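**Student:** Residue numbers (the numbering used here), protein chains in the order written: chain A, 1 to 385; chain B, 1 to 385.
Calculated from the structure, these hints are not laboratory results. Just so we're clear, the structure is a prediction, and the values are computed from it rather than from any experiment. One or more of the hints may lead you astray.
No copy labels: a pair is met if it fits in one copy or bridges any two.
[What the hints assert, rightly or not] In silico DSSO-like pairs for lysine-lysine, Cα to Cα no more than 27 Å straight-line:
hint	residue 1	residue 2
1	Lys282	Lys51
2	Lys282	Lys119
3	Lys243	Lys92
4	Lys231	Lys218
5	Lys243	Lys218
6	Lys267	Lys376
2 protein chains.
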Amino acid sequence: MAMKRVAATAVRAISSSESPVLPTTFSRELHASPGSKKIVGVFYKANEYAKLNPNFVGCVEGALGIREWLESQGHQYIVTDDKEGPNSELEKHIEDLHVLITTPFHPAYVTAERIKKAKNLQLLLTAGIGSDHIDLNAAAAAKLTVAEVTGSNVVSVAEDELMRILILVRNFLPGHHQVISGEWNVAGIAYRAYDLEGKTVGTVGCGRIGRLLLQRLKPFNCNLLYHDRIKMDPELENQIGAKFEEDLDAMLPKCDVIVINTPLTDKTRGLFDKDRIAKCKKGVLIVNNARGAIMDTQAVADACSSGHIAGYSGDVWYPQPAPKDHPWRYMPNQAMTPHISGTTIDAQLRYAAGVKDMLERYFKGEEFPAQNYIVKEGELASQYR
Amino acid sequence: MAMKRVAATAVRAISSSESPVLPTTFSRELHASPGSKKIVGVFYKANEYAKLNPNFVGCVEGALGIREWLESQGHQYIVTDDKEGPNSELEKHIEDLHVLITTPFHPAYVTAERIKKAKNLQLLLTAGIGSDHIDLNAAAAAKLTVAEVTGSNVVSVAEDELMRILILVRNFLPGHHQVISGEWNVAGIAYRAYDLEGKTVGTVGCGRIGRLLLQRLKPFNCNLLYHDRIKMDPELENQIGAKFEEDLDAMLPKCDVIVINTPLTDKTRGLFDKDRIAKCKKGVLIVNNARGAIMDTQAVADACSSGHIAGYSGDVWYPQPAPKDHPWRYMPNQAMTPHISGTTIDAQLRYAAGVKDMLERYFKGEEFPAQNYIVKEGELASQYR
Numbered sequence: 001m002a003m004k005r006v007a008a009t010a011v012r013a014i015s016s017s018e019s020p021v022l023p024t025t026f027s028r029e030l031h032a033s034p035g036s037k038k039i040v041g042v043f044y045k046a047n048e049y050a051k052l053n054p055n056f057v058g059c060v061e062g063a064l065g066i067r068e069w070l071e072s073q074g075h076q077y078i079v080t081d082d083k084e085g086p087n088s089e090l091e092k093h094i095e096d097l098h099v100l101i102t103t104p105f106h107p108a109y110v111t112a113e114r115i116k117k118a119k120n121l122q123l124l125l126t127a128g129i130g131s132d133h134i135d136l137n138a139a140a141a142a143k144l145t146v147a148e149v150t151g152s153n154v155v156s157v158a159e160d161e162l163m164r165i166l167i168l169v170r171n172f173l174p175g176h177h178q179v180i181s182g183e184w185n186v187a188g189i190a191y192r193a194y195d196l197e198g199k200t201v202g203t204v205g206c207g208r209i210g211r212l213l214l215q216r217l218k219p220f221n222c223n224l225l226y227h228d229r230i231k232m233d234p235e236l237e238n239q240i241g242a243k244f245e246e247d248l249d250a251m252l253p254k255c256d257v258i259v260i261n262t263p264l265t266d267k268t269r270g271l272f273d274k275d276r277i278a279k280c281k282k283g284v285l286i287v288n289n290a291r292g293a294i295m296d297t298q299a300v301a302d303a304c305s306s307g308h309i310a311g312y313s314g315d316v317w318y319p320q321p322a323p324k325d326h327p328w329r330y331m332p333n334q335a336m337t338p339h340i341s342g343t344t345i346d347a348q349l350r351y352a353a354g355v356k357d358m359l360e361r362y363f364k365g366e367e368f369p370a371q372n373y374i375v376k377e378g379e380l381a382s383q384y385r
Numbered sequence: 001m002a003m004k005r006v007a008a009t010a011v012r013a014i015s016s017s018e019s020p021v022l023p024t025t026f027s028r029e030l031h032a033s034p035g036s037k038k039i040v041g042v043f044y045k046a047n048e049y050a051k052l053n054p055n056f057v058g059c060v061e062g063a064l065g066i067r068e069w070l071e072s073q074g075h076q077y078i079v080t081d082d083k084e085g086p087n088s089e090l091e092k093h094i095e096d097l098h099v100l101i102t103t104p105f106h107p108a109y110v111t112a113e114r115i116k117k118a119k120n121l122q123l124l125l126t127a128g129i130g131s132d133h134i135d136l137n138a139a140a141a142a143k144l145t146v147a148e149v150t151g152s153n154v155v156s157v158a159e160d161e162l163m164r165i166l167i168l169v170r171n172f173l174p175g176h177h178q179v180i181s182g183e184w185n186v187a188g189i190a191y192r193a194y195d196l197e198g199k200t201v202g203t204v205g206c207g208r209i210g211r212l213l214l215q216r217l218k219p220f221n222c223n224l225l226y227h228d229r230i231k232m233d234p235e236l237e238n239q240i241g242a243k244f245e246e247d248l249d250a251m252l253p254k255c256d257v258i259v260i261n262t263p264l265t266d267k268t269r270g271l272f273d274k275d276r277i278a279k280c281k282k283g284v285l286i287v288n289n290a291r292g293a294i295m296d297t298q299a300v301a302d303a304c305s306s307g308h309i310a311g312y313s314g315d316v317w318y319p320q321p322a323p324k325d326h327p328w329r330y331m332p333n334q335a336m337t338p339h340i341s342g343t344t345i346d347a348q349l350r351y352a353a354g355v356k357d358m359l360e361r362y363f364k365g366e367e368f369p370a371q372n373y374i375v376k377e378g379e380l381a382s383q384y385r
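I would like the entire structure built from these sequences, with the hints used as guidance.
**Tutor:** Okay, structure coming up:
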């Protein structure tokens, strides 16, 4: 894949398509006090990889590509990957920062305690999607604004989910491991390799990512099901070709493949525990690019060992980075990766542009695109309540 | 994935949908002499995997699930995986077999010399698609009939190709290797991970598999190109959403991803040599589930090492099984597997049913489904000429 630097105009074009222009007469919801701001970004460090691609903006070294712009306006911009413990770089700045930017790929956990310490904090931005690294109730109580770049990587994640479905259904990894270990044993792969065609795939949660996944699944001639709080309108449902399942526990035993597409909330934490996994079909394949904590870690590992889950793939873990002894690293039939699906180069360019756009609006005291808000004026967005 | 035995009626249903009923008044093209036949099947051996799935019919042990049926009609049915050299099981039977069934996954190479020795041979059947393991000119000269189960695994291969495109574009394997080796380094994956959306994907050859791939690619919002001997009719082209490229060498530099979907013929053998690979975009990703010998083995390995090819994935090699020292096992950025894409359990059930159907017609002296023929009455099918 070519590694040309994307022209600044292209980044702007992405930004404006992701952030519809709002009427300029909106009231100032976010009171950015005038003057210089202290902005801290917490991203993953790229080290030797930083210079290998000029569009690699999502790392510490790339710093979202906004350093020059911020500093030229007199703001202070500190970027680090050192986020844990009392002596971390983040902790040093927590007391006087105004804005904290972080990503789900290397999240700065914003606890109630940190919020209490952060006397100047006004704005918490996610470079990407999701804010479960933040204690949202504490943020709401402190009247902070929490926002994400909604839509910035939904396509990235949906593509990645479809890849993982195919990897599991077609039993890709045992074949690849044969290649690198000098073996050739087609039978050892084929006895549990299937086509996706004709299988039943159900998504738990059907927001933007779930719908993009279903659209991409349509030509595969599967039986598509979705469970969500809200039924799609009949026209969209018909176009997507998926059937609504009001009762999650009634959908699960029908599915050959289950994909998790729900945010992590108090209601979904630990949703897939031992009992719920037992309700799935024996030999089920599960893909989870949503959040690791939606699953009971040990229950997933046990079900993979027993064969009740025949394959588990995802890029989300709890906690992140996953420790060396995380059981999902060692369970059979896993096709796991570190948290990567939403941080492709294409996604980075989109969420960097989205963060820049929100900072620009913050400095001017303008509204953000409505769909970006997670906490606004002391209230959580509806899907987080 | 559940491993219930598929009901015999389902296999029959698949068979009849793959093999449209022909008028019974057709002339006898294939003169099956009456009486008992000696049929030899060469498949891969499953060993300990044979009993793990009741639908695993494509292996030596499964024997396409037709032993009982053949033997009940007085035919002799020998099944083996031992196919190479003068002392092999196949060689023992070559002189008096009437029918040889084999698969591309573990091909019995049918040379001119073997054809000369096989005095009783009438029929060569591929359980699957492709007959490049057979010297087709020698088969035609000897007036043998060569046929495959056209369509039996086109969906299987197309799905697998899309999986491999995503694995390469999204840089899946380095992430998975981090997981199993206890690491966590998002940057080491992300610096060369992309979305498929917006990229240019070109297929070299656009027969049934190529079209199924393009249909599955459509919702990914790529720029789709195809090169083939024949331009699709405008309506189909418009529906599939791909642009015709008459000149292969003009298409190659436009493609971020190239997929090989052409049969192996005298014209395509070694088609991707050093010079042609040099015409591809630097950083191109190549997927080849067609045949290994379409590529110059060393030229591919060299281009992967230099980075001109940024990723290569496929399940076909030359020869097969790939020897332990095959360079594609060791080149960087490969996502190879043994030859597996067309031998999913679903595909096995379809091609087993298709072979049974052709044997039944052969015993009765009836025509095969027209699209199955590769050599008929001394002539090669048009795409093999």
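**Student:** Does each hint fit the structure? Answer for all of them.
**Tutor:** Hints and how they fare:
1. Lys282 to Lys51: This pair counts as between: shortest inter-copy Cα distance 18 Å, intra-copy 46 Å.
2. Lys282 to Lys119: This pair counts as neither: shortest intra-copy Cα distance 52 Å, inter-copy 51 Å.
3. Lys243 to Lys92: neither (51 Å within a copy, 56 Å between copies)
4. Lys231 to Lys218: both (18 Å within a copy, 26 Å between copies)
5. Lys243 to Lys218: both (12 Å within a copy, 22 Å between copies)
6. Lys267 to Lys376: Answer is within: at 21 Å inside a copy they meet the 27 Å cutoff, but 65 Å across does not.
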